[in-house]
Amino acid sequence: MSTRRSGFTLYQENPSLDADRIAITLLEKNILSDSVYVDISNPPEELLDINPQLILPTLETKEVTLYYPGIVLEFLDERFPHPPLLPHDPINRGKFRLILKRVLNEWYPLLEKVLKKGEADKKSMKAIHDLLLRYNPLFEGFIYFQSNDFSIIDASLAPFFWHLQAFDIAIPEKAPAIIEYNSNILARESVIHHYKSKG
Numbered sequence: 001m002s003t004r005r006s007g008f009t010l011y012q013e014n015p016s017l018d019a020d021r022i023a024i025t026l027l028e029k030n031i032l033s034d035s036v037y038v039d040i041s042n043p044p045e046e047l048l049d050i051n052p053q054l055i056l057p058t059l060e061t062k063e064v065t066l067y068y069p070g071i072v073l074e075f076l077d078e079r080f081p082h083p084p085l086l087p088h089d090p091i092n093r094g095k096f097r098l099i100l101k102r103v104l105n106e107w108y109p110l111l112e113k114v115l116k117k118g119e120a121d122k123k124s125m126k127a128i129h130d131l132l133l134r135y136n137p138l139f140e141g142f143i144y145f146q147s148n149d150f151s152i153i154d155a156s157l158a159p160f161f162w163h164l165q166a167f168d169i170a171i172p173e174k175a176p177a178i179i180e181y182n183s184n185i186l187a188r189e190s191v192i193h194h195y196k197s198k199g
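Position one of the sequence shown corresponds to residue 1 (the numbering used here), numbered consecutively onward.
You may find that some hints are simply not true.
[Claimed, not checked] Dumping the calculated DSBU-like pairs for lysine-lysine here, alpha-carbon to alpha-carbon at most 30 Å:
hint: 1; residue 1: LYS198; residue 2: LYS101
hint: 2; residue 1: LYS101; residue 2: LYS174
hint: 3; residue 1: LYS198; residue 2: LYS117
hint: 4; residue 1: LYS196; residue 2: LYS101
hint: 5; residue 1: LYS116; residue 2: LYS174
hint: 6; residue 1: LYS117; residue 2: LYS174
hint: 7; residue 1: LYS116; residue 2: LYS126
hint: 8; residue 1: LYS113; residue 2: LYS126
hint: 9; residue 1: LYS122; residue 2: LYS196
hint: 10; residue 1: LYS126; residue 2: LYS95
hint: 11; residue 1: LYS116; residue 2: LYS198
hint: 12; residue 1: LYS174; residue 2: LYS95
hint: 13; residue 1: LYS174; residue 2: LYS123
hint: 14; residue 1: LYS113; residue 2: LYS174
hint: 15; residue 1: LYS196; residue 2: LYS126
hint: 16; residue 1: LYS126; residue 2: LYS198
hint: 17; residue 1: LYS174; residue 2: LYS122
[To be verified] Here are the computed distance ranges between Cβ atoms for each label pair:
hint: 18; residue 1: ASN42; residue 2: LYS116; range: 17 to 25 Å
hint: 19; residue 1: ARG134; residue 2: PRO87; range: 21 to 29 Å
hint: 20; residue 1: ASP168; residue 2: PRO84; range: 29 to 37 Å
hint: 21; residue 1: ASN42; residue 2: ASP89; range: 40 to 48 Å
hint: 22; residue 1: GLU173; residue 2: ILE143; range: 17 to 25 Å
hint: 23; residue 1: SER41; residue 2: ARG102; range: 27 to 35 Å
hint: 24; residue 1: PRO44; residue 2: LEU98; range: 33 to 41 Å
hint: 25; residue 1: ASN42; residue 2: LYS198; range: 14 to 22 Å
hint: 26; residue 1: ASN42; residue 2: ASN92; range: 42 to 50 Å
No lab work stands behind these hints, which were simulated from the structure alone.
Note that CB positions come from ideal geometry on N, CA and C, so glycine has one too.
Generate coordinates for the entire structure from the input sequences, incorporating the hints supplied.
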């Protein structure tokens with residue numbers, strides 16, 4: 001993937017779904033960034049200098065230091081508008097924010113439990129399966145989430161599906177639209193590049 005811009009550093013814990021979605025968005029924007037994995041009990045001095053509150057992930061640029069994922073992602077799309085990853089008009093942008101909020105509130109907590117335990121138990125797998133079945137109709141008819149164009153919603157869903165694969169959590173056969181979406185999102189160049197770079 002070509003990189004036209006540099007001078008960005010992403011401080012993050014590992015694993016971090018929020019850091020992953022920021023890193024994928026950076027790649028979509030053709031921004032070359034350095035990743036610094038932080039031990040919160042022994043943070044680097046340069047991070048303390050720019051963010052004494054130690055809120056992670058933190059994105060440091062030549063212009064500004066930002067944290068809180070929503071703020072970081074909106075900054076990236078406004079500061080580097082091509083390709084656009086958010087709707088331009090306020091009505092669709094409002095709908096978009098509501099959908100993204102649902103993803104963060106309903107999807108991420110289920111996977112974060114798996115990440116914390118280091119394995120997927122039957123209860124977690126059932127909860128994830130039920131969620132995917134419930135959401136399957138929203139993925140029908142498009143390459144990405146309700147669109148044929150990649151968006152920040154897709155950048156936020158990509159870590160979820162990548163970790164499903166990593167933990168061998170199968171997508172229910174009764175969710176064919178999500179099975180197809182999973183194939184599309186994991187084949188995205190930015191997603192492949194990000195997780196390949198993590199090893």
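Which of the listed hints are not met by the structure?
none
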